[in-house]
Structure formats: structure tokens, C-alpha cells
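Which chain is which? The protein sequence lines are A and B, in order.
In this text, residue positions in the first sequence follow my numbering: the first is 1, and each later residue adds one.
In this text, residue positions in the second sequence follow my numbering: the first is 391, and each later residue adds one.
Be a bit skeptical, because a hint or two may be false.
Taking lysine to aspartate or glutamate pairs in the DMTMM-like style, the calculated list, with each CA pair at most 25 Å apart, reads [what the hints assert, rightly or not]:
1) A/LYS214 / B/GLU668
2) B/LYS511 / B/GLU501
3) A/LYS375 / A/GLU278
4) A/LYS284 / B/ASP550
5) A/LYS374 / B/GLU668
6) A/LYS138 / A/ASP296
7) B/LYS604 / A/GLU351
8) A/LYS120 / A/ASP315
9) A/LYS365 / A/GLU219
10) B/LYS764 / A/GLU165
11) B/LYS738 / B/GLU663
12) A/LYS284 / B/GLU501
13) B/LYS674 / A/ASP315
14) A/LYS348 / B/GLU741
15) A/LYS138 / A/GLU328
16) B/LYS763 / A/ASP217
17) A/LYS284 / B/GLU609
18) B/LYS502 / B/ASP745
19) B/LYS674 / A/ASP217
Listed next, the stretches of chain B that the computed footprint assigns to chain A, with coverage defined by at least 3 CB atoms under 8 Å from CB atoms of chain A [to be verified]:
20) 609 to 617
21) 661 to 667
22) 670 to 678
23) 753 to 760
These are computed hints drawn from the structure, not numbers from a lab.
These figures come from a predicted structure and were not determined experimentally.
Backbone N, C-alpha and C fix where the C-beta goes; we use that ideal spot for every residue, glycine too.
Number of protein chains: 2
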Amino acid sequence: MSTRKQTVRLGIIGVGGMGSHHARSILQNNIPRCTLAAVCDINPERLRQFDAMPEIQQFDDSRTLIRSGAVDAVLIATPHYAHTTIGIDALNLGLHVLVEKPISVHKADCEKLIAAHSSKKQVFCAMFNQRTQPCYQKVKQLIESGELGTLVRVNWIITDWFRSEAYYAQGGWRATWGGEGGGVLLNQSPHQLDLLQWLCGMPTKVRAFCHLGKYHDIEVEDEVTAYFEYPGGATGVFITSTGEAPGTNRLEICGDRGKIVIERYQLSFIRNEVPASEFGRATKELFATPQVWNIDIPVQRGAGEHNKILTNFTDAILDGTPLLAPAEEGIHSVELANAMLYSSLTGKPVEVPIDGAAFARMLKKLIKESTFKKKVKKPARNVDMTTSFR
Amino acid sequence: MSTRKQTVRLGIIGVGGMGSHHARSILQNNIPRCTLAAVCDINPERLRQFDAMPEIQQFDDSRTLIRSGAVDAVLIATPHYAHTTIGIDALNLGLHVLVEKPISVHKADCEKLIAAHSSKKQVFCAMFNQRTQPCYQKVKQLIESGELGTLVRVNWIITDWFRSEAYYAQGGWRATWGGEGGGVLLNQSPHQLDLLQWLCGMPTKVRAFCHLGKYHDIEVEDEVTAYFEYPGGATGVFITSTGEAPGTNRLEICGDRGKIVIERYQLSFIRNEVPASEFGRATKELFATPQVWNIDIPVQRGAGEHNKILTNFTDAILDGTPLLAPAEEGIHSVELANAMLYSSLTGKPVEVPIDGAAFARMLKKLIKESTFKKKVKKPARNVDMTTSFR
Numbered sequence: 001m002s003t004r005k006q007t008v009r010l011g012i013i014g015v016g017g018m019g020s021h022h023a024r025s026i027l028q029n030n031i032p033r034c035t036l037a038a039v040c041d042i043n044p045e046r047l048r049q050f051d052a053m054p055e056i057q058q059f060d061d062s063r064t065l066i067r068s069g070a071v072d073a074v075l076i077a078t079p080h081y082a083h084t085t086i087g088i089d090a091l092n093l094g095l096h097v098l099v100e101k102p103i104s105v106h107k108a109d110c111e112k113l114i115a116a117h118s119s120k121k122q123v124f125c126a127m128f129n130q131r132t133q134p135c136y137q138k139v140k141q142l143i144e145s146g147e148l149g150t151l152v153r154v155n156w157i158i159t160d161w162f163r164s165e166a167y168y169a170q171g172g173w174r175a176t177w178g179g180e181g182g183g184v185l186l187n188q189s190p191h192q193l194d195l196l197q198w199l200c201g202m203p204t205k206v207r208a209f210c211h212l213g214k215y216h217d218i219e220v221e222d223e224v225t226a227y228f229e230y231p232g233g234a235t236g237v238f239i240t241s242t243g244e245a246p247g248t249n250r251l252e253i254c255g256d257r258g259k260i261v262i263e264r265y266q267l268s269f270i271r272n273e274v275p276a277s278e279f280g281r282a283t284k285e286l287f288a289t290p291q292v293w294n295i296d297i298p299v300q301r302g303a304g305e306h307n308k309i310l311t312n313f314t315d316a317i318l319d320g321t322p323l324l325a326p327a328e329e330g331i332h333s334v335e336l337a338n339a340m341l342y343s344s345l346t347g348k349p350v351e352v353p354i355d356g357a358a359f360a361r362m363l364k365k366l367i368k369e370s371t372f373k374k375k376v377k378k379p380a381r382n383v384d385m386t387t388s389f390r
Numbered sequence: 391m392s393t394r395k396q397t398v399r400l401g402i403i404g405v406g407g408m409g410s411h412h413a414r415s416i417l418q419n420n421i422p423r424c425t426l427a428a429v430c431d432i433n434p435e436r437l438r439q440f441d442a443m444p445e446i447q448q449f450d451d452s453r454t455l456i457r458s459g460a461v462d463a464v465l466i467a468t469p470h471y472a473h474t475t476i477g478i479d480a481l482n483l484g485l486h487v488l489v490e491k492p493i494s495v496h497k498a499d500c501e502k503l504i505a506a507h508s509s510k511k512q513v514f515c516a517m518f519n520q521r522t523q524p525c526y527q528k529v530k531q532l533i534e535s536g537e538l539g540t541l542v543r544v545n546w547i548i549t550d551w552f553r554s555e556a557y558y559a560q561g562g563w564r565a566t567w568g569g570e571g572g573g574v575l576l577n578q579s580p581h582q583l584d585l586l587q588w589l590c591g592m593p594t595k596v597r598a599f600c601h602l603g604k605y606h607d608i609e610v611e612d613e614v615t616a617y618f619e620y621p622g623g624a625t626g627v628f629i630t631s632t633g634e635a636p637g638t639n640r641l642e643i644c645g646d647r648g649k650i651v652i653e654r655y656q657l658s659f660i661r662n663e664v665p666a667s668e669f670g671r672a673t674k675e676l677f678a679t680p681q682v683w684n685i686d687i688p689v690q691r692g693a694g695e696h697n698k699i700l701t702n703f704t705d706a707i708l709d710g711t712p713l714l715a716p717a718e719e720g721i722h723s724v725e726l727a728n729a730m731l732y733s734s735l736t737g738k739p740v741e742v743p744i745d746g747a748a749f750a751r752m753l754k755k756l757i758k759e760s761t762f763k764k765k766v767k768k769p770a771r772n773v774d775m776t777t778s779f780r
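In isolation and in its complexed conformation, chain A is listed as follows (with noise of 0.2 Å):
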């Protein structure tokens, strides 16, 4: 029989919409080998649903859980400025880390916290369940068998993450500078936003358009439209707004063997026969097209993913297994995001990688200049988070 340790005792911190989302999950069994064993909030409030439960030990500050000896690991759930802090705090003790995307709010946050992970042996994971989604995990099996070719071109228009006021209303960080150093780029879609430097790789030069307080009363973006070059020549357009209805959330894949498109978690795959490149040159023919397959490819949409990376997170740490989502590539969809506002804010293409201080200094001064006062309005019930994910 093996010695090894049998289970993760895992401290949520941040117990407000997704953290108590993720306790509910672990509470209801739904994580083989993972216990709640502490939590932690600097709002007293949010405590209180796990006033029933002695067995889990509430804390009102991480750093007195992460000195505890309580737990093994911890989740990080709160606004995303303190994913840094919080997150090198617990490196630095030694415990094994899962933070909530984005993992940083800019890049050189994303730097140290990543540079606090030196120990080889300690686990540190970023939640971007939407990476085991079966739609995606296909596309990224075909892109890496090469059945799509070379990169051509990709389009994701993300523009359905309709938020109303009242979501903005709900919390005073929400949707400031200072309190999540963005909008819908660093709060609704760092998933698309990680999904497509997964898929793609990053680009070398980022040209966007942000609209900031657009459709609702915040001073950050709400709407973007942005453009990329990438190394090999592609061309890209990411697309999102919080500000549309109904919207549309759909990727166009194209390489020089074919056309990928998912368009709600469904997967079409159109296959030259010939590679695009070569027919071209080949042809005699003026106004000819490669012979194509029409393939569809049958994926269930996925249930549960954030189940998937936490039972990812607590295999790592118990058996070695390899991480579904390294945090490390966490800064990818940070720098993205970042990239897009600066260029948007000096009315300039960037080029990536982008200069993290820069740009640190740039979004330090907007929080400095901020008279933006938001007015706040606690919702009626309580937050069913559920229903946000896309």
C-alpha cells in the first residue's frame, strides 16, 4: 500500500459568487480526494454559510489561513488585484496554489507571482476550465496533429456576455480601474481570451479598439474590437461587448488545410484536399477552389468543467499529473488583454511582448486620475453564479 498522502485539504479564499460556487461543489462530493477544510473572507458575512460546518475553520484573512497549517492548498476567488499578494504569500509558505483567471491583473504582477513559484514540487494551477470543454480540446488536437496546416486566420467574436446595470451595481471594485484594472477583457473573457493563445499561440503585434463606459455607467471597457499579426503571418480579430444582446460567441480557425469553426461548443471542420497554398499555385484554373470535405465532428458540450480543474489540481498534487492549465501560461491571456488596452488607450499597434512596467504605470495612473464614483447597490438575493458562465 502507498503512503502517500490520501487527500488535499484546500482553503477557498474569496468566498463570495465563484469561491462559495467552488466550496458548494467540493461540499457536495463532486472532487474525489478534496476536502473544504478552511475558508476565508474579509467580509464576515460571506462566512456565515459555513457557520453549520465546524469542521471547516474560518479565517477573516489569508494570511493567517495560509500560516494555519489547516490546509495543503488553497483557491484564490477574490477580486483579482490580491490573486498577486495572495497568491505569493501562499507560494512562499509552501503551499500548493489554484488561482481564479485572470491570474493577475497585468503583466508584471503576473511576473512576480509566477516568479514565487520556485519549488518544482508545489502544484500551481490557473482555472480555465473552458481549456476542457471537448469542442476546444478537439480543436487543439487537430491544430497540433497539423490537420488544419499552417495558421491562415482566426476570428473569435465573444459578444455574449450581456451584463446588465445592476450587475455593476453589485460590488465597488467591480468594473474600476483600481479595483479590477479592466472590464470585459480582464473579467468576462480571459477565457476566450486564454483559449485563443492555447490554440494560436500569441501574436507580435496588437491593434485595438476599446470602448470604455459604452453601454453601462463604468469607466472601463465594455466593448472591444482588436486585430493581431502573428509570427508565422496570420491575421487575427478578437471581438466582445458586454453591451449586446443576444450576441454571439463564435471561432473561426483557418490554416492552409482547412476552416474550424464552433459556434455554440458545436465543431464544423471544412477540409481542402488539396492545401489552399498549393492548389493555388498549381491550378491553370482562374476562379477554381480546393475539393472540400464537409466534416462534422460530434462534441458533447461539456458539464462541470470547473469540477475538471479542481480534481486536475488535486491529481497533480497527489499523483503528479500533468496540469490541464499550468498558471505560468496564465500571463498569456493577461498580457493579451493588456496589450489591447494599451494600444486602444495610446491610440497605437503594440508590439508583444508587450513592457509589462509600462504599462503597469499606465494603468496606475488611470486609478491615480480616476473621479469616476460608481454607485453601488447590493443585489436583492443572493448571487447564483451559474448562470454567468459562457
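Please arrange chain B on chain A, whose structure you already have, making use of the hints.
For chain B alone, coordinates are given in the frame of chain A:
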């Protein structure tokens, strides 16, 4: 009985690919009350197809045809630059004119051409045959009736214009600054640019990224990504390419009251029960979206749209029927194309209306400084233009 003129005697100037296609339509009696009375081409080989039809007068110079008295109207299907010069000549001589797209190569030329249309008795029409497609007619109606509400966002991916090297090699004028004044924006996409402005109006700001000779051995643009801002605050993206296969033709128009998608000439309309902006302000829910109706609007894919424009042109001359595509409106698609090239080549956003004289100067400079030598290779057989339409 009416004493009105009962037929239009038409002369076609330029009987290459498109011109001879139109000639065949008329000779097959597809255009009631329109007679092919004359043809003109500077290339005598192209005139030979009419040798067996002595009733059709042949000319090798447009000026002679225009002054011959043999025709009431001309259809101009020459390379684009000559649209302006021949169009002005024909209008000055009192003829009715139907001009192929684009009406001219650049805005300043469009203005000159339009200025020559001084008599309201003359019918001056552009070959924007895609306007007759039932799906676009229906969208126009949905927008004009207010069903879609205020424009929020538009996105057109029209990348199914794949062209082979053989296509570009067929003629020395093709895909050169001096011969066409541009690439995919001037040759393949004018229909979509016209429909875009016809449906959504003109933007006030354009930022575009045009790639010159990216996929083909040409000096002009064969891939374009453009971003637009509209007067009412809406944003837009237009993507086109002749280097991609299988390519996409998908138009999405989002309004405050719903979303229209046209893909492969199929129309879908998702209608919000309450306008999104109103719903977002009124709801107390954080993650709710307006209730919707999913509406399929059956439309036939049209056939013979060129004939519809030719018929409408004839009816306008004989009966005063309003034009579906007045040539004056052709300036907008040209201005959009010019704005995209100008923005890309200067690396800056461009305000619309653009400075037509400044663009003309830039184009002149491109022509003057061009060192590109086109490798021309004649196609083995006659060009069948019917395979070129989208």
C-alpha cells in the same frame, strides 16, 4: 397606344469576361426591351465572337461608338480606370449609362464621373447586382422598418474570394496599382462594400490593415481587416481575402432589438422581446439577458441578378422605374475601399469623408514608384465569368 420608345439600343464597351457575359444574356433575350446594338473593344480578338451577327455594330474605340447614333445607352465593362473617362464621355453625349463596379477607382474620379450626370432624363446606374439578392433585400427591409433597432455592431467576413496565381497572371492590368488601383477591395469586394453601406450607412472612422501580395505574386492587397466606427456609436469589422480557402461569407448585423446573420445566403434573425439597452437598465438580475425569438426567414438564393439590374436599367429608361442601384451611390463603396488602403498605407485611422485628392495623390505615387513586373500568362481557354460570382 403609347408612342413611347419601345426598346433600348444598348452598346457594350469592353467585351472581356463580364462584358461578353452581359452580351450573351441580352442575345438570349433575357432582358425584355433591350437590344444589343453595338459592341466595342480595343482588342479585336474579343470582337470576333460577334462576327456572325451583322446587326451588332463593332467598334474599336468607345468615343466612336458613343458618337455613332447606333445606341441609346452604354454598359461600361472595361478595366476600372476607364469607367470614369468613358462614363463621362457617354454622359456628356446624352447617353444613358450602366457602369460595372466599382464605378471608378478612387473618390475624386467618382466625383468627376457623377458630376457629368447633369440631366435627370439620363439614367445612370451601377451594376450592384447583389442588391437584388432576396436575403439582402429582406435585411434592408428589417433595418428600415426598425425591427432591428439602433445599429450596435456589424461584422462581415467575406474571404471566399479565393483566386489562383493563374487568375492574376491572365492580364497585365490585373492586380496592379496602375491597372486596377487596388486588389481585393477594388475587384472582388465592391459588392459587399456597397451592401455594407447600403444596409448600415457610412462609418465616420476607418482603421484598416491591408496586406500587399501576401498570398500572390501581385503588388496590391490580397487580404484586408478593417475596423469601423459609425456616427451612432456602432462599431464594425470587415475582413476580405483572395488567399484563403474554403473561406467564409458571413454577415452579422446586431441592433438593439436583435441580431441578423446571413451565411451562404440563409437569413436568421434573433429578436429580443425587449430592446437590450432597455432591458439592461430595468432588470434587477445580474446575469439575465432579454428573452428572444429565434426566427428563420425563408429567402431564395437569387439567380440572374445581373439580369435584374439590366432589366431595371431598361425599365428606368423606358418607363421611369426607380433604379435599384443609382450610380451616384457607387461612390460610397469606392470611398470605403480608398479609406482602408489609405489607413493601412499611412498606418493611421482615417476620418470619413476622406480627402479624395490626397488619396488620388497617394495612388499616383504608388503607380509612379511601382517597380513590380507582372508575369502575364494567357489562360488556355475563354474565361467563364459565371464561376466568379459570390
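A quick look at each hint next to the structure:
1. Note on A/LYS214 and B/GLU668: the hinted pairing holds, with a Cα-Cα distance of about 14 Å set against a maximum of 25 Å.
2. For the suggested pair B/LYS511 and B/GLU501, the alpha carbons sit about 19 Å apart, so the restraint of at most 25 Å is met.
3. Between A/LYS375 and A/GLU278, the direct Cα distance comes to roughly 59 Å. Violation of the 25 Å bound is thereby established for this hinted pair.
4. Restraint check for A/LYS284 and B/ASP550: the C-alpha separation of about 19 Å stays at or below 25 Å, so the hint holds.
5. A C-alpha spacing of about 20 Å is found between A/LYS374 and B/GLU668, which places the hinted pair at or below 25 Å, so the restraint holds.
6. A threshold of 25 Å between alpha carbons decides the hint, and for A/LYS138 with A/ASP296 the separation of about 12 Å falls inside it, so the pair holds.
7. Straight-line distance between C-alpha atoms of B/LYS604 and A/GLU351 comes to about 20 Å, which keeps the hinted pair within the 25 Å bound.
8. At roughly 15 Å between alpha-carbon atoms, A/LYS120 and A/ASP315 fall within 25 Å of each other, so this suggested pair holds.
9. Of the supplied pair hints, the one linking A/LYS365 and A/GLU219 holds, its CA atoms being roughly 14 Å apart against a limit of 25 Å.
10. In summary, the hint linking B/LYS764 to A/GLU165 is not supported, as the alpha carbons are separated by about 58 Å, beyond the 25 Å threshold.
11. Taken as a hint, the B/LYS738 and B/GLU663 pair is broken in the structure, with Cα atoms around 40 Å apart against an allowance of 25 Å.
12. Proposed proximity of A/LYS284 and B/GLU501 is contradicted: the alpha carbons are some 39 Å apart, above 25 Å.
13. For a cut-off of 25 Å, the pair hint linking B/LYS674 to A/ASP315 is broken: about 40 Å separates their Cα positions.
14. With a C-alpha separation of about 16 Å, the suggested pair A/LYS348 and B/GLU741 falls inside the 25 Å cut-off, and the hint holds.
15. Only pairs whose Cα atoms come within 25 Å are accepted, and A/LYS138 paired with A/GLU328 is accepted, the gap being roughly 23 Å.
16. Only pairs whose Cα atoms come within 25 Å are accepted, and B/LYS763 paired with A/ASP217 is rejected, the gap being roughly 56 Å.
17. Using a Cα cut-off of 25 Å, the hinted pair A/LYS284 and B/GLU609 holds, with the two alpha carbons roughly 21 Å apart.
18. In summary, the hint linking B/LYS502 to B/ASP745 is supported, as the alpha carbons are separated by about 14 Å, within the 25 Å threshold.
19. Taking the CA atoms of B/LYS674 and A/ASP217, the gap is near 15 Å; set against the 25 Å cutoff, the hint holds.
20. Counting residues of the segment 609 to 617 of chain B whose CB falls under 8 Å from any CB of chain A gives 3; the rule of at least 3 is met.
21. A count of 3 residues in the segment 661 to 667 of chain B with a Cβ less than 8 Å from any Cβ of chain A is obtained; the coverage claim is therefore met, three being the minimum.
22. Look at the segment 670 to 678 of chain B against chain A: 8 of its residues bring a Cβ nearer than 8 Å to a Cβ of that chain, three or more, so the hint holds.
23. Closer than 8 Å: that is the beta-carbon criterion, and the segment 753 to 760 of chain B has 0 residues meeting it against chain A, so the requirement of 3 is violated.
Checked against the numbered hints above, the structure violates hints 3, 10, 11, 12, 13, 16, 23; every other hint is satisfied.
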